[in-house]
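Participant: Protein chains in written order, with my numbering: chain A, 1 to 208; chain B, 1 to 252.
Think of the hints as simulated: they come from the structure by calculation, not from any bench. Think of the CB as a built atom: it goes at the ideal place given N, C-alpha and C, for glycine as much as any other residue. Treat the hints with care, as some may be off.
[Said to hold, decoys possible] The list that follows gives simulated cross-link-like pairs (lysine to any residue, SDA-like), each with its CA atoms no further than 25 Å apart:
(1) Lys-92/B / Asp-125/A
(2) Lys-73/B / Asp-137/A
(3) Lys-92/B / His-39/A
(4) Lys-73/B / Thr-29/A
(5) Lys-3/B / Arg-141/A
(6) Lys-239/B / Arg-27/A
(7) Lys-3/B / Gln-199/A
(8) Lys-92/B / Gly-60/A
(9) Lys-239/B / Val-218/B
(10) Lys-73/B / Asn-203/A
(11) Lys-3/B / Val-129/A
(12) Lys-3/B / Asp-125/A
(13) Lys-3/B / Ala-115/A
(14) Lys-3/B / Leu-198/A
(15) Lys-3/B / Cys-116/A
(16) Lys-3/B / Thr-167/A
(17) Lys-73/B / Val-129/A
(18) Lys-92/B / Asp-34/A
[Said to hold, decoys possible] Which residues of chain A face chain B? A few of them, derived with a C-beta cut under 8 Å, are:
(19) Arg-13
(20) Gly-47
(21) Ala-48
(22) Met-121
(23) Gly-122
(24) Asn-124
(25) Gly-149
(26) Gln-194
(27) Leu-198
(28) Gln-199
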Amino acid sequence: MIAIVDYGMGNLRSVLNAFEAIHAPARLTTSVADLRDAHAIVVPGVGAFGDGMRNLTALGVIETLAEEVLVRRKPYLGICLGMQFLAREGREHGVTGGLGWLGGVVRRLEPRDAACKVPHMGWNDVAIVRECELLRDVDERPVFYFLHGYQLDPDGDRAVEAAVVATATHGERVTAVVQRDNVFGVQFHPEKSQEAGLQVLRNFVKLA
Amino acid sequence: MLKKRLIPSIVLRDGAVVRSVNFKHTNVIHWKPLTAVDFFNKWAVDEIVCLDVSRTTEQRARFYDVVEGLSRKCFVPLTVGGWVTTVDEVRKLLRLGADKVSINTEAVRRPEFVTECARVFGAQCMVVAIDIRRGTDGTPEVWIDRGAERTTWAAAAWAREAEDRGAGEILLTSIDRDGSGLGYDLELVRDVVDAVSIPVVAFGGAFTWQHLVDGVAVGGADAVSAANVFHFTEQSTRKAKDYMRKSGIDVR
Numbered sequence: 001m002i003a004i005v006d007y008g009m010g011n012l013r014s015v016l017n018a019f020e021a022i023h024a025p026a027r028l029t030t031s032v033a034d035l036r037d038a039h040a041i042v043v044p045g046v047g048a049f050g051d052g053m054r055n056l057t058a059l060g061v062i063e064t065l066a067e068e069v070l071v072r073r074k075p076y077l078g079i080c081l082g083m084q085f086l087a088r089e090g091r092e093h094g095v096t097g098g099l100g101w102l103g104g105v106v107r108r109l110e111p112r113d114a115a116c117k118v119p120h121m122g123w124n125d126v127a128i129v130r131e132c133e134l135l136r137d138v139d140e141r142p143v144f145y146f147l148h149g150y151q152l153d154p155d156g157d158r159a160v161e162a163a164v165v166a167t168a169t170h171g172e173r174v175t176a177v178v179q180r181d182n183v184f185g186v187q188f189h190p191e192k193s194q195e196a197g198l199q200v201l202r203n204f205v206k207l208a
Numbered sequence: 001m002l003k004k005r006l007i008p009s010i011v012l013r014d015g016a017v018v019r020s021v022n023f024k025h026t027n028v029i030h031w032k033p034l035t036a037v038d039f040f041n042k043w044a045v046d047e048i049v050c051l052d053v054s055r056t057t058e059q060r061a062r063f064y065d066v067v068e069g070l071s072r073k074c075f076v077p078l079t080v081g082g083w084v085t086t087v088d089e090v091r092k093l094l095r096l097g098a099d100k101v102s103i104n105t106e107a108v109r110r111p112e113f114v115t116e117c118a119r120v121f122g123a124q125c126m127v128v129a130i131d132i133r134r135g136t137d138g139t140p141e142v143w144i145d146r147g148a149e150r151t152t153w154a155a156a157a158w159a160r161e162a163e164d165r166g167a168g169e170i171l172l173t174s175i176d177r178d179g180s181g182l183g184y185d186l187e188l189v190r191d192v193v194d195a196v197s198i199p200v201v202a203f204g205g206a207f208t209w210q211h212l213v214d215g216v217a218v219g220g221a222d223a224v225s226a227a228n229v230f231h232f233t234e235q236s237t238r239k240a241k242d243y244m245r246k247s248g249i250d251v252r
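Isolated chain B, as found in the complex (with noise of 0.2 Å):
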């Protein structure tokens, strides 16, 4: 049986981890990324995830660094996102060692840029990232550009088209719960499982072990990421991994 993945998250701001907060990334926490990982790597982490909200790609060497970097160190899957836009800048990614990678506002503009790059380096190496806000209505709402677009599309319908171009995997984002502590928006994350038959990674909101444990269980999410809380905790993705075994979940 499949184990449940926990993910840490790492955002990246020209080359710095930053906090996030509803998409708002102003505090580094730390300007050295590569010693976040390091404890990462040792508390037997099942993958990280290293995405790059730079607001321009003047500083996108550095993020390349940081891949090159952490491909050197972790000897778990690493995805990779942010600014991705070519068939070429996947293969740079992968040739850095990044082992799937994510693509978000591409993806939505130019769906048929999922199915190429599908083809190209095969589905399951391609994540379609997806950040939803509520409507005031409650809709769950795909928004791009780092949140600051609005699309037409909903949650679930985008997820299932997503998957039909060709991606193998949905990370998927609450905006509204990202940097909130108040855990994951569990009806979207139950919401897009329901619609794809692709594994779907629950991010934005866990604050608590708890927390990631409703997302398998509650959400049924198939991975549970988390950026901010493991950063802030000693020995926190093996202290995590305990309560989701205590809690039933299979994990590694």
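Okay, chain A solo, but in the shape it has when bound (with noise of 0.2 Å):
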């Protein structure tokens, strides 16, 4: 079973839809006894930073994901939101701490470019710098859909530009995924993103 943690925040309900699609037990859940039983844990999300990382910690399950995921090393799987808690801090109306278990900082989205605008909203090709299980048999250039006005930027930290495994453009580099070992994150929405998300989603449901 993949447990979606449901934290109160965006669009649960379509990245279940999106499992049950591809055949895939899953469960919404807040319950700390289903992520133990859980075989892989995936927190999606859309919204602000602090309100979700509050949300996290009013649930008490943050030190049940972090067992889970970085000691029983379960594949995670943050979907926008839930990706860039991996960052050590957000910066979306004040800083608010973050799971912290890739570093980096996630911060407003800055476009060099005015045609850019924010959120960035929409279908973007992605390049991918690095391979990675999860973007296995998706084109070599695929679209997906984003939705958001922050991004995880690694912040010159060293380990968090490794853990960069794809990349899109909006008048400035945004992480797209990333990786470390059996930690992922993706920035945009697999479950909204037709075929080539319904794919990652099936890379992801093998790891567990």
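Reassemble the complex: the two chains are provided individually, in unrelated frames, and hints are given to aid placement.
Facilitator: See below:
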């Protein structure tokens, strides 16, 4: 079973629907017991960093998440906000600490091209920087759906930079996919990216 | 580079798909909206907008069913709107599977509502829908309550205010052009696009593929939407995208 952490932020239902569409047993949950039983953990979510972290904290699941992912090495997939939580801190409506599993900071997008608007909303090309199981069997230059105003910036941290698997361009470089060991993050929405997105989820399910 | 988006809109009254003409919704096109959406999904649309234009909320449960059904079937973003006046309602729609929620009347009556929603859910999932009717002197006036009530706002000024309040996108509808088949009010689209730095979706009036191209190429819209035309043409969204691509627009 794949546990999708339900912490009240954004399109959690869509993520469940996408796993159902690829016939992968998944469950929206807030329960620590489910996180312990799960083969893999997904943290999706759209919304503000601070509210998201506060909701996760209020659920009392952060310790369990860390234990299951960092100690028991279950595959983790962070989608959008769930990827951004991997940062050291988020700078959206004030500074909030993140899970910090990867590092870097979450900051507002700063496109240098005035034609590139914030939020970065829509379908964009993704350039794959290095091989990663998560992107197996997708096009060489896939198109995914993005919807975010902030991004995970390695902020000069080489270890975070090394975790960057794929990027997009939106008036600046946008971190699109990260991976370190069993921890995966995608800034785009695989559950909203039609076939390309479903393939990413299939790849993740294979790791579980 | 971000692709230009093609977005079919589904206009629902009491759970049935209706044809919209100058914001009058008398003809039912589909009693079963999810059948219509099956086609959209196969035909590579980039997004779907679903609006509840019911006169009352008595049949609101049917709208929720459609939203939930849509999110099960289409793995593209879903924007829903109509009758959204509280943070709890936004949360409910997001939980049913919506990705973005559009607010219109309540945003004008209580602009701080936009800010509050943006703070809780993030600006990127808050769409402010703006309905425009041109005054006798041609001024693009903002109307609310499904076109029933005139406000003192002009289009560009309200769009700018909505952005300042936290909107992540503008869904811009011309009431005059709605259902007319005359194409978008391109001057209006350009006016609003130039006034804001958030994406603008043009809606109302498109009836040919060239209208869609014009919305992007002339109006400067980031996305173009249409409702009626997609219900009356086979393979419509695919054909529309082919046409847009051939016209030099970067679509998926």
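Participant: Hint by hint, work out which the structure violates, then give me just those numbers in ascending order.
Facilitator: Of the numbered hints given earlier, those the structure breaks are 1, 3, 6, 17 and 28, listed in rising order.
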